[in-house]
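Top to bottom, those sequences are chains A and B.
Going by the UniProt record's numbering, 167 is the number at position 167 of the first sequence; the sequence numbering is gapless.
Going by the UniProt record's numbering, 452 is the number at position 452 of the second sequence; the sequence numbering is gapless.
Please keep in mind that the hints were generated in silico from the structure rather than gathered at the bench.
For every residue, glycine included, the Cβ atom is placed at its ideal position computed from N, Cα and C.
Each hint should be verified, as a subset may be incorrect.
Okay, the calculated bits of chain B under chain A, using three or more residues with CB under 8 Å as the criterion [unchecked claim]:
| no. | stretch |
| --- | --- |
| 1 | 151 to 165 |
| 2 | 211 to 225 |
| 3 | 320 to 328 |
Derived DMTMM-like pairs (lysine to aspartate or glutamate); straight-line CA-CA distance at most 20 Å [unchecked claim]:
| no. | chain 1 | residue 1 | chain 2 | residue 2 |
| --- | --- | --- | --- | --- |
| 4 | A | Lys450 | A | Glu393 |
| 5 | A | Lys450 | B | Asp502 |
| 6 | A | Lys450 | B | Glu492 |
| 7 | A | Lys450 | B | Glu393 |
Number of protein chains: 2
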Amino acid sequence: MTTAQRTAELTGQMIIAGDHVTGTGTAVHAVNPATDEPLGPAYAHGGADHVARAAAAAAAAFSAYRGTSSENRAAFLTTIADHLDSARDDLVERAVAETGLPGARLTGEVGRTSGQLRLFASVLREGSWHGARIDQAQPDRTPLPRADIRQRTIPLGPVAVFGASNFPLAFSVAGGDTASALAAGCPVVVKAHDAHPGTAELVGRLITAAVQDTGMPAGTFSLLYGEGRDLGIALVTDPRIKAVGFTGSRSGGRALVHAAAARPEPIPVYAEMSSINPVYLLPGALRARAADLGRAFVGSLTMGAGQFCTNPGLVIAVDGPDLDVFVAAASETLAGMAAPPMLTPDIARSYADGVEKFTAAAEIVARGRDTDGPNACRSAVFTTDADVFLDSEVLQQEIFGASSLVVRCANAAQLREVTTRLEGQLTATIHSEESDHAEAAALLELLELKAGRILFNGWPTGVEVGHAMVHGGPHPATSDSRTTSVGSLAIERFLRPVAYQDIPPALLPAPVADGNPERIWRRIDGELTRD
Amino acid sequence: MTTAQRTAELTGQMIIAGDHVTGTGTAVHAVNPATDEPLGPAYAHGGADHVARAAAAAAAAFSAYRGTSSENRAAFLTTIADHLDSARDDLVERAVAETGLPGARLTGEVGRTSGQLRLFASVLREGSWHGARIDQAQPDRTPLPRADIRQRTIPLGPVAVFGASNFPLAFSVAGGDTASALAAGCPVVVKAHDAHPGTAELVGRLITAAVQDTGMPAGTFSLLYGEGRDLGIALVTDPRIKAVGFTGSRSGGRALVHAAAARPEPIPVYAEMSSINPVYLLPGALRARAADLGRAFVGSLTMGAGQFCTNPGLVIAVDGPDLDVFVAAASETLAGMAAPPMLTPDIARSYADGVEKFTAAAEIVARGRDTDGPNACRSAVFTTDADVFLDSEVLQQEIFGASSLVVRCANAAQLREVTTRLEGQLTATIHSEESDHAEAAALLELLELKAGRILFNGWPTGVEVGHAMVHGGPHPATSDSRTTSVGSLAIERFLRPVAYQDIPPALLPAPVADGNPERIWRRIDGELTRD
Numbered sequence: 001m002t003t004a005q006r007t008a009e010l011t012g013q014m015i016i017a018g019d020h021v022t023g024t025g026t027a028v029h030a031v032n033p034a035t036d037e038p039l040g041p042a043y044a045h046g047g048a049d050h051v052a053r054a055a056a057a058a059a060a061a062f063s064a065y066r067g068t069s070s071e072n073r074a075a076f077l078t079t080i081a082d083h084l085d086s087a088r089d090d091l092v093e094r095a096v097a098e099t100g101l102p103g104a105r106l107t108g109e110v111g112r113t114s115g116q117l118r119l120f121a122s123v124l125r126e127g128s129w130h131g132a133r134i135d136q137a138q139p140d141r142t143p144l145p146r147a148d149i150r151q152r153t154i155p156l157g158p159v160a161v162f163g164a165s166n167f168p169l170a171f172s173v174a175g176g177d178t179a180s181a182l183a184a185g186c187p188v189v190v191k192a193h194d195a196h197p198g199t200a201e202l203v204g205r206l207i208t209a210a211v212q213d214t215g216m217p218a219g220t221f222s223l224l225y226g227e228g229r230d231l232g233i234a235l236v237t238d239p240r241i242k243a244v245g246f247t248g249s250r251s252g253g254r255a256l257v258h259a260a261a262a263r264p265e266p267i268p269v270y271a272e273m274s275s276i277n278p279v280y281l282l283p284g285a286l287r288a289r290a291a292d293l294g295r296a297f298v299g300s301l302t303m304g305a306g307q308f309c310t311n312p313g314l315v316i317a318v319d320g321p322d323l324d325v326f327v328a329a330a331s332e333t334l335a336g337m338a339a340p341p342m343l344t345p346d347i348a349r350s351y352a353d354g355v356e357k358f359t360a361a362a363e364i365v366a367r368g369r370d371t372d373g374p375n376a377c378r379s380a381v382f383t384t385d386a387d388v389f390l391d392s393e394v395l396q397q398e399i400f401g402a403s404s405l406v407v408r409c410a411n412a413a414q415l416r417e418v419t420t421r422l423e424g425q426l427t428a429t430i431h432s433e434e435s436d437h438a439e440a441a442a443l444l445e446l447l448e449l450k451a452g453r454i455l456f457n458g459w460p461t462g463v464e465v466g467h468a469m470v471h472g473g474p475h476p477a478t479s480d481s482r483t484t485s486v487g488s489l490a491i492e493r494f495l496r497p498v499a500y501q502d503i504p505p506a507l508l509p510a511p512v513a514d515g516n517p518e519r520i521w522r523r524i525d526g527e528l529t530r531d
Numbered sequence: 001m002t003t004a005q006r007t008a009e010l011t012g013q014m015i016i017a018g019d020h021v022t023g024t025g026t027a028v029h030a031v032n033p034a035t036d037e038p039l040g041p042a043y044a045h046g047g048a049d050h051v052a053r054a055a056a057a058a059a060a061a062f063s064a065y066r067g068t069s070s071e072n073r074a075a076f077l078t079t080i081a082d083h084l085d086s087a088r089d090d091l092v093e094r095a096v097a098e099t100g101l102p103g104a105r106l107t108g109e110v111g112r113t114s115g116q117l118r119l120f121a122s123v124l125r126e127g128s129w130h131g132a133r134i135d136q137a138q139p140d141r142t143p144l145p146r147a148d149i150r151q152r153t154i155p156l157g158p159v160a161v162f163g164a165s166n167f168p169l170a171f172s173v174a175g176g177d178t179a180s181a182l183a184a185g186c187p188v189v190v191k192a193h194d195a196h197p198g199t200a201e202l203v204g205r206l207i208t209a210a211v212q213d214t215g216m217p218a219g220t221f222s223l224l225y226g227e228g229r230d231l232g233i234a235l236v237t238d239p240r241i242k243a244v245g246f247t248g249s250r251s252g253g254r255a256l257v258h259a260a261a262a263r264p265e266p267i268p269v270y271a272e273m274s275s276i277n278p279v280y281l282l283p284g285a286l287r288a289r290a291a292d293l294g295r296a297f298v299g300s301l302t303m304g305a306g307q308f309c310t311n312p313g314l315v316i317a318v319d320g321p322d323l324d325v326f327v328a329a330a331s332e333t334l335a336g337m338a339a340p341p342m343l344t345p346d347i348a349r350s351y352a353d354g355v356e357k358f359t360a361a362a363e364i365v366a367r368g369r370d371t372d373g374p375n376a377c378r379s380a381v382f383t384t385d386a387d388v389f390l391d392s393e394v395l396q397q398e399i400f401g402a403s404s405l406v407v408r409c410a411n412a413a414q415l416r417e418v419t420t421r422l423e424g425q426l427t428a429t430i431h432s433e434e435s436d437h438a439e440a441a442a443l444l445e446l447l448e449l450k451a452g453r454i455l456f457n458g459w460p461t462g463v464e465v466g467h468a469m470v471h472g473g474p475h476p477a478t479s480d481s482r483t484t485s486v487g488s489l490a491i492e493r494f495l496r497p498v499a500y501q502d503i504p505p506a507l508l509p510a511p512v513a514d515g516n517p518e519r520i521w522r523r524i525d526g527e528l529t530r531d
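Here chain A stands alone, though its shape is the one from the complex (with noise of 0.2 Å):
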């Protein structure tokens, strides 16, 4: 079947509890940004009363899907996943029309995202979700006996889930916000981005699926088109909205932050912003190795057209003939580098505008080649004196797509006064060999209150999703630096604690029952313990 064929199939409907509605605003198509053709069908935006139904019908199933077992949401979140799995190949093929991402990238996506899912259930299954606790009564303490108190963990309500650009499959209708919060128990109202809308309604025909398939509530899962400024903010501030993930732009997280927070019942936003991800290069890695350091950091660079949350945006280093090595290996191979497409017009512009504000700010020492193709991303790469960072807000912002700057600097010290005035980051990279280790002990200290997570002879780009990932960091690199977006920890983000105080066995819930019916970790009288 060709793409054709199947984008016949697609209806350009969003999905509202089920049923199949066709939006009443402005018509978006998709574009292959590889060819600047627009991809059919027409995806209608919703408006005010698209999001009303969905967040009613959210609010509708809340209870049900909350009170579902651990057990039937693990199914729930598995039977997506072989959904995704076994739909790869359409997946894949519409979301290289769509984004001009390569066709590998995009399978080891799907894979990505459905081992996600799969995670979140054998987190269910686990059961340290709960985060059950027992505090056992002590009737004859004195002076006042101790009252029996337990505590679990409960979902928040509805959320809001905002697709990202960049990662069509992993951070978009299926992606780490939805599994985390249909995993804790939380209904979802996705909205698409329009950047890929096919690809959005072919994993929304499949988690519906997977809904009817398990027996949950028709209003667990819905998906809308629309603007986020229009229907994005419709849907945050709408009262039976609980909590909202997002992953986009700096202006776009903080608008929505801005909204719930105006709210007459605020609620938390995790927005995943912007970040540049330092990448340090200490005295003795440069020595040992600057030309294979050069090499390896343009393949990271380059990922995906440098459209990684995580792209490698900053090189740090004292100045000298090693850093030179460096930058000459880096700019040699990024000068044989292709210009890939990058995910849209929009931000095939936003880059080329990145980079002649770089251009006339600090000094650019290589680009890759100029290619014929629309939309092309050609990497650059610049360097300037710590200096001039240090005095330029320009050097200091993102520039989403392949493009880093190398920043020198006179001394040690100074390498350590541009790090105190970084902004929140996703990533900080340290590249070091043993004789730089007190140095880096010392950068890692401040690194550590600047980054969600701190890598080592690495590079930032590639997000393992697993128990000890943090995929967050301070503002401006998310909302909320308490949490992560990616990782078996990310459940947390949709629950909140409630005690029961001497409530009668007959009523406990199962968590913190009598005898440990479901067989899992609690902390009781403080001790954590499987009894």
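Starting from the known structure of chain A, fit chain B onto it as the hints suggest.
Relative to the frame of chain A, chain B by itself:
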């Protein structure tokens, strides 16, 4: 030693990083609410320069303070607790004079406050607060090897704490917010409450002594005096402050939340604001013990002149003869209750205003005895029908003090309707017998979404300090329902996770080091273990 003598010892000075500093603004005196007499000395308010100095000292102390071991911080907290216990009689005497609360209650509150500090010392020693997780490397994984990733929590940074008026010890200078922030590794800057500046100064000196005794950096603790909307806002908007703890009014809490959200770098605010703590009397319970319930209700209502965050301000039941018995017993008991002084003349005025507004909107059925003393809280109980309640904005608001409204519902369906219309609460209480369990189960499901703690067959005043307690709840009870301000879980408010990828063993933080040198619970490849 008399209060007069000890008062002469008080200096009226702020404490900034161990230095005693006289404010430069308006001078305020505490007032003995039982006599309306001012108490010396004068406390001159601080200004923006004092905020800047305290915040700078806290930021300077942060690196060294967060670098202290769990054991050293536990010893610091225990030393504060010991100092509080040693100074108990002095603290109680001054606090009685400043608040009009009974000596026995304040004696208990000293123990609660020192006990809270010792609880967090035990949390530090137990070690789960590190949130340690290790995903081990899988160098042979295909298609890509898996890196070694380790996660632990680190403190957010300096924390601003706003003391509450109604618990001059347990929710003030050395209260729960201070204890949990210090435990987490965050320096603390306290804004004292003007209602008990002398108690605040005494406690501030004891903490300062503990800082010195245990060799903590001087900037670990500061104590300021000032207006909430002036010095308070300056504190919350200082870029060096990274989180806020507050207990007080809804308007005060919301002002801080908005100031924090408008910062270039928004920060979390944990504000505990208002709650009317609904109490449900189900038919079986009313049938079995209406008169007993009425008498016990008045005991909870009038405790501390009703100045508890968890005061039972709302009673909800199906109308009928049993409810009449409850109201009659409550009225009779209340009529004999003396009117104790409230915390401040302002609070007494607000209470009287609130009672006047309720008197116009509902039926007043009982009042406590009138008293000659100033600032007296003459307790009040009102009744109204559910229809009136649902239509009245006035009756759904909190009156801070011993006032409660009995809402008569036509039937169980209307009782649930009232419940779904309630705002967020710290607590909800259900009185039930076995015959009520079906109704209690239905109610429980609604109340879980409304309250942080749900009690059965008890009274909400009295908040146990333990591991399972939740003193929190949906807005407007608090600004962040995902947490608690009482109990060991509170430490998580001031922490965030950081991940380390392929970090050289020499640089590994101890909580995630190989061999588990701290013998703490850790999650390794998803499994909890102490190995």
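Exercise. Taking only the CA atoms, is the gap from Lys450 of chain A to Asp502 of chain B under or equal to 20 Å?
Worked result: holds, 18 Å
Exercise. Keeping to a limit of 20 Å between CA atoms, is the pair of Lys450 of chain A and Glu393 of chain A held or broken?
Worked result: Holds: Lys450 of chain A and Glu393 of chain A sit about 18 Å apart, inside 20 Å.
For this session: Can you take a look at whether the stretch 211 to 225 of chain B is actually covered by chain A? Rule is 3+ residues, C-beta closer than 8 Å.
Result: Violated: only 0 residues of the stretch 211 to 225 of chain B have a Cβ under 8 Å from chain A.
Exercise. Going straight from one Cα to the other, do Lys450 of chain A and Glu492 of chain B come out at no more than 20 Å?
Worked result: holds, 19 Å
Exercise. For the stretch 151 to 165 of chain B, do three or more residues have a beta carbon lying closer than 8 Å to a beta carbon of chain A?
Worked result: holds (count 4)
For this session: Compare the distance between the alpha carbons of Lys450 of chain A and Glu393 of chain B with 20 Å, and conclude whether the hinted pair is satisfied.
Result: violated, 45 Å
For this session: Examine the stretch 320 to 328 of chain B: at least three residues should have C-beta closer than 8 Å to a C-beta of chain A.
Result: Coverage by chain A is violated for the stretch 320 to 328 of chain B (0 residues, Cβ < 8 Å).
When held up to the earlier numbered hints, the structure conflicts with 2, 3, 7 and fits the remainder.
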